[in-house]
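I would like the entire structure built from these sequences, with the hints used as guidance.
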Amino acid sequence: MAIESEVLVIGGGLGGLTSALAAAHEGADVRLVSYKQSTLRQASGLVDVLGYTPDGDGPLTNPYEAIPSLPESHPYRKVGVKTVRDALSLFDDAVPTYEGEHTETNALLPTHGGSIKPTARYPAGASAGLASDTRDTLLVGIEEMVDFDAPHVAAHLDATGVPFDVRGETIRFPGDLRADAKVTRYAKLLDTNSEVAVRGRMVPAREALAQRVNPLLEDEERVGFPAILGDDNPGAIRDAVGDHLGVDVFEVPMGPPSLPGLRLEDALFSALDEAGASIETGNPVVDFEGEDRIEKVFIEKNGAKIPNSADQYVLATGGFVGKGVESDRDGVYEPIFDCHVPHAEDRYDWFEGELFGDHEFARYGVATDDDLRPLDASEHSEFENLRAAGSVLGGYDFAAEKSGSGVSIATGYAAGQRAAQEAR
Amino acid sequence: MSDAETPPETEFDPVAPNTGEEFEPVDVFPDSDDFDLRPGADSCYKCSTCDTNCPVAEVDDDFPGPKFQGPEQWRLKQSDDDHDIDDSVMDCSNCMRCDNACPSGVPLSQMHNTARGEYVSEQMDKLSVEYIRNRILANYRTSAFFASKVPRLANFAMNFGPARWVMEKTLGVTSERDFPEFARQTFREWWADRGGQVQSRENARAARKRRGLAEDADKKVAYFHGCYSNYNTPEVGKAMVRVYEEFGYEVVAPEQKCSGTPMFANGMLEDARRHAETNVSSMSELVDEGYHAIASCTSCSMALRQEYPELFDIDGIDKVAENTFEAVEYLRIHEDLKGEVQAADVDGELAEEFAYHAPCHSRNQGLDRQAVELFRDLDGAEIEDVGDSCSGISGTYGWKEEKYEKSMEIGEEMFEHMEHAEGETGMTECPTCAMQMEHGSGYEIRHPLELLEAALVE
Ligand SMILES: Cc1cc2nc3c(=O)[nH]c(=O)nc-3n(C[C@H](O)[C@H](O)[C@H](O)COP(=O)(O)OP(=O)(O)OC[C@H]3O[C@@H](n4cnc5c(N)ncnc54)[C@H](O)[C@@H]3O)c2cc1C
Ligand code: SF4
Ligand code: SF4
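Quick mapping for you: the protein sequence lines, in order, are chains A and B. Using my numbering, the letters of the first sequence map in sequence onto residues 620 to 1043. Using my numbering, the letters of the second sequence map in sequence onto residues 1114 to 1571.
Calculated directly from the structure, the hints in this document are not laboratory data. Model, not experiment: these values are computed from the prediction. Take every hint as true, because none was put in to throw you off.
Stretch by stretch, here's where chain B covers chain A in the computed footprint (C-beta under 8 Å, at least three residues): (1) 658-670; (2) 795-805; (3) 894-902.
In silico DSS-like cross-links for lysine-lysine, where the CA-CA straight-line distance does not exceed 27 Å: (4) B:Lys-1432 with A:Lys-915; (5) A:Lys-915 with B:Lys-1451; (6) A:Lys-915 with B:Lys-1333.
Glycine included, every Cβ here is placed at the ideal spot set by N, Cα and C.
Below you can see the structure in the form of structure tokens.
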């Protein structure tokens, strides 16, 4: 016996979650298996579709218009513009706490580095911070959180020529937390609104935070904090702090570990649960059985290999960071099915001398046909019932183009939907 | 720096990517007093994903979190031989959530277990109240063994107010909690009275005949019942036996001691090893005869599967790990459990709406969704997941006077979800989580095996 389903999705990142969701919406019996947590916890939680062309032109106003002129190898070209749009509507339905669906154009969001970033979807918590909004802005940094130096970020933003005045101030987070407190510690404190000591008096955390900011506020109409305002109830926290201050409050997306990424992951897992899919996380898929078709795959649990079988499979194991693509001295490879990963023979051709140069390896990943089936070295599909989605795919450079989440969502959607249609 | 900056991909070469390749087993105790703080530390690239999972760091200002306890502490130790283990490692509850998080396969809980072992062995005062208290809590089996001889007296004495006050004042065991009740008849007494293995063989054969299977089919499992289902909740053990027999499995209940879970969490690796030796030796013999080891407590299966081979080097230890399964998981793999549950229904006492909590140690084995996904198809019962927070008790952690408040704070989210859930009966696989659920909500708590029994066994 084996654990059975119609569609088996391998990988629990943005690509895998969207695949599984799309397949479940098609009515398939879906099972998602994932090893560890996805790169979402490290990403900003913003959903970029396309911010710059591969040649570096941009920021792009309308990402969809630019898609047809991308190189043919690009995953967006494989699935087509319509699919990218459909995939984003699936995302919009699944994650109602995100905004941006009202327009085709990219929104411009301030980042924790003080730059402005073109993005297609953003958490509701970031929306009062849009750079196109002309209200004057106060950014508030937390002394203990060195990743967000508010005056510095404000100066950077100002230098980009934003249409508003922006200032940065730094406060001590109420409650005397340890200097390297985890973001989840701040979030929990605000979620539960537990009392903290402020100058000898016990005050609920949300109010205490507002009290710290209040004297610093001049006539700004909005206040931005690093993204630490709660895990379970971010909306209520923003409202409470905003009410105390009489302004709109927003969060600036942060680097790893990222609460917006974590919240997004939670939202997608709940949507998947609601759609009736089975989910198993914690153990890797390590092996498979089959020749032209994959018959079953094996999940390893402490030495035991547990068979899982399905009619159709989706490979969404991520790129170098997610562990879907790996490299050693001899080359670059995909570790589960050993799908072919095109790459330069010579290791020295993989990257450029400059740290942020145009590195080949950034585009490494499996190549597919238009149906997202991975191709072998002679361009035949590796397996008839395997599709690939997300950053395991090659042919694009998410960091340079600002297209990471968009590609994962679009290809995840296409792979999941097609897998389900074929399994039915 | 832009937020989508290219991560340092080239330098990042994890030790255990997608595993399949194994770590060299390291024996940290007791042959060497050189507690090896694993090479896995080098694969940490400081993404802090582990820190976002730690329930203790979320509520405890003094706890620096898993990244510090594991990889950073090792780096410190490597650069400075005299660097002592930081005493904060004793605040880690060994929920092992961080283990599940790390994208680059750093064996965090193993590092914490090792560090605790070193701390307790080399830095902790063996005459301190804390050490004695921890040792008593960790050796629950011993207390339970004596208590079970006089269950009524023990039930009374353990929860006798003045005695509990003294325990709190002198030993630091919180008086907020009720000690679990001891059963009048232990699981093993029941098992022996019922006719042990011989009876089980007969029952299994009869079931196989009913099901049209070959009567001599080779279906047999060795039950690791653990302390709790033996002394406190024998109904779970009985359900396990009856469900397995119903599927035609012959059950044996070999000699066994505590799984060691509470000992790992208290750095008592020497105690844990003694118990592990007995368990591994009896289970590995059975594995050679074609048995699989089955546990109904998810911390027990976790110990046998993961902590043993990570910490000890005992003959047969890997074989036992590979052949250990959680009770419901095994049936999902080997039987059409889903189909049988779909075709079944329950009425009577267990026709209930259950508020289900997945224990951290089931999460780590990828079993956190199992009960909800299985029982949502069962007629007559409903099951609702009460969220992914930790229950907060983490075995002995929530029994310590100084940790009680934190333990309740961690559990708060679960209590709230339980309150909002439709059902007023709880369900979980872990006996200490059950204790916490009951304590925080007043609900009665059942084990999935009990519901399976009600659905599948007449
Ligand atoms: C630091 C950082 C910042 C980013 N910032 C942005 C941003 O601002 N905007 C944006 O749009 N995008 C951003 N991205 C990119 C975006 O987050 C990713 O492109 C996208 O989330 C990738 O999703 P994925 O599902 O393809 O892969 P991943 O998220 O990598 O998920 C892969 C999953 O597969 C699992 N897996 C791997 N091997 C196995 C196996 N053998 N068996 C089972 N499971 C396995 C992994 O455990 C993991 O859960 C950023 C990424 C990073 C790393
Ligand atoms: S085992 Fe649990 S308590 Fe300990 S560091 Fe890891 S996540 Fe935190
Ligand atoms: S999750 Fe792993 S790599 Fe990231 S900080 Fe923790 S141990 Fe290091």
